[in-house]
Amino acid sequence: MTMKWLAVSHYFCPVNENTHLPPLDAAVKSTCREPFRRVDRFIQLALLGSARCVQDRILSPDCGIYIGSGLGPIGNNIETQQQLIRDGEIPKPFNFINTLGASACFYVAKNLSLNGQNYFISRRRGSLQAVLSAATVDLSLRTIRQALVGVVEEVVFPVSEHRLRQGLRDDVALAEGSHWFLLQADESGSRSMVTKRFVEYGALEVFLKSVWCVGDRLCCASMMGKTEADNIQSCYSVESMSDQFSAFHDSLEAAWLASCMMSHEKGKIFLIDGDSERGWSLFYFGS
Amino acid sequence: MAVDREQLKLELKKLIVTECQKDLRPELIPDDAILFGSGSIYALDSLDALQIALAVKQHYGKRIDGGNQTRMALSCVDSLADFILLDKTD
Amino acid sequence: MPGAYIRGMSLNCALGEDVGSCVSAMKQRLVQTVTLTLNDFNEPLRMPYYRMNDSSELFDPRRYECLIPSVARAAVIQAGLSRDEIRKLPLFIGSSSFSIGLSELSYAKALAQHPQNAIPMPLCGYQDIAVILQQGLGCKGEIYTYNTACTASANALLGALNMIDIGVYRHALVIGVEMINRTSLSGFLGLQILAKTIQPFDLWRQGIVLGEGIGAVVLSADSNSVTRMRVIGGANNCDTWSITTANTDGHSTAIAMRLALKRAGIQPHHTCGIKAHGTATRAGDMAEARGLHHVFENLPPITVLKPYLGHTLGACCLNELVLYAGTLLSGFIPATPGFETPDPVLDLHPLTVEISAPNGHYLLNHFGFAGNNTVLVVEKTA
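Protein chains in written order, with our numbering: chain D, 1 to 287; chain P, 1 to 90; chain B, 1 to 382.
Excised from the complex, chain D in its bound form:
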């Protein structure tokens, strides 16, 4: 499946016990095409990332929206759960409605005047791959001409609780992120984006060898089978996400990919994921 990427945006903000979450109100207000009420932080992150990716571009009316997230609108879910379990109150309507991941899709669609298809999909430690797979399939089937694919992760204070919630050690630094990619069903010209699926690892290896060039960048997803990741590492100069990002969120693959695409001028960018049961996915982005 070959298509084209048109634009990318990357927001990554490490936070720790001693910092405050930077307020997003002013940035959202100045970036969005209309002012919004009733939006929580997760929605603000989505609005900000998507608007920065699209900028003033006129989108295809059928452009699909795909938001991926490991934890989703966790801050609002926490507030809602406190209202009803701790305080014994009926949750406030705005809080209740925004417990849904899809509420972020709604506001992104509204801000960009889009009425096409609209999905919120989650996969722990692999939300980018889930939304990219879904979007590229729809682009290949030509059910849509463009796809706006975003991955959003929110941090909620206190940071120590947020670590416990995710089963992380207490020395792990955390980050918020909003990483967006605008894709188009178009095989011509530069900025190609290719998704390949392989049943067998051997086939992926052969393919990778045939397209890899010196200067290309490559990363193995965090949930990729270990033996095969080690094998790739022995043959190619593999980049480590944890080396590049001193802080963690559930979708670091998206942070890595977006930052590479923002800064990389020549060569291809490869992301590999999979294991013997899931099969193998390879995403690569040309310059």
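Think of the hints as simulated: they come from the structure by calculation, not from any bench. Heads up, the beta-carbon is just placed ideally off N, CA and C, and yes, glycines get one too. Please note: incorrect hints may appear among the correct ones.
Cut-off 27 Å, straight-line C-alpha distance, at most; resulting in silico cross-link-like pairs (BS3-like, lysine-lysine) [as the list claims (entries may be wrong)]:
1) D/K226 with D/K196
2) D/K196 with D/K4
3) D/K226 with B/K140
4) D/K92 with D/K4
5) D/K29 with D/K92
6) P/K14 with D/K92
7) D/K196 with B/K140
8) D/K92 with B/K109
9) P/K22 with P/K57
10) P/K57 with B/K140
Which residues of chain D face chain B? A few of them, derived with a C-beta cut under 7 Å, are [what the hints assert, rightly or not]:
11) A26
12) I97
13) G101
14) A109
15) I121
16) R123
17) Q184
18) E277
19) R278
20) L282
21) G286
Start from chain D and add chains P and B according to the hints.
Showing chains P and B alone in chain D's frame:
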């Protein structure tokens, strides 16, 4: 206990601004300004009505539901104050 | 031929524990709700509810591990997949609440024991259902969890359908899960759209009655000897008119229906029946009825299934798809209990008695919060 109607109205204005996340100063809402619908400069909608209804229930113990009589309470700050004070002044 | 086969399917809802018992309970109109009383709120909440008929206490956390894999297993067994196919089976899950019920219980317990250390949202829900399913079935394929309100499991099905269509997978397990939880019960109460009974498209309709249920489908590129249903196509769109309901002029629901029919390659007048969404809210039914009138010059027979199993939110699409398919394969299109007095504004008349179900195409509507509209087209084959 006597309830200060003016104080209550200011509280309600603050409640409306906070609950509906409106970017305006509460004291600038006139007591008789229409709050809901396209004819209102505040343009609150049915979801705002539910949000306010729940807050009123939690703060003042008064239930605003879909019935016409109670729904009328949400017309403006004056009517909302009347509705809340209805039994208290009896 | 586009589309994919429903090679196995199963259902657990208020009607019964498998498709056969659900269809037979439906025929006898054995519709039953329980009255819930939740005393842990400052003011006790009371409401009718459609619960699954297992013998466990309604909020028992063990129900997740007990009930969810068993429904999935029944669908997988009917599909006759090999051990290797099961191991690699991808999961497409649709739900509104995922495992929020477990998270609530865990938080409440911590608050009671050590209030100072209690952490809200102690479990991050999306993946828990997938893990329960993978452990219960022994499958280790890719996971896609959809959280798009009341269209979630329809979108999960569409996702699986497209991936099968293009050859990414040969088989996929699609599952809708909605288990009782305090967030949904109290949240909908705050929205003031809970009713005592469900009366879809009726003049006196007042809203929804919630329910729980688990529906599973094995979608496959290949048919087997028992397969007589195919999912042909579908469409999804986003209506930004309001976050709680599609535009009541029916404009966006009509677009979704037209697009689904177009992708399935059929004309509106070739539709043999419609499974309407029919939430029985004032606005929701208006948006759907007007949309139907925009698309269909002569409306095919219409059924709403929520009066049988309640509104099972994100799982409603899969639950209702399996139930509808079960009735069609049993030879009939079901009636809609609860509909008595037509609403002249809607001018829509769901079936009040069951009729026979011919082979052919059927349309299934789903509309949810966040402007999400999803329409599916299935075919009953000879």
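Find the hints from earlier in the document that the structure breaks and name them by number, from lowest to highest. 4, 10, 11, 17, 20, 21
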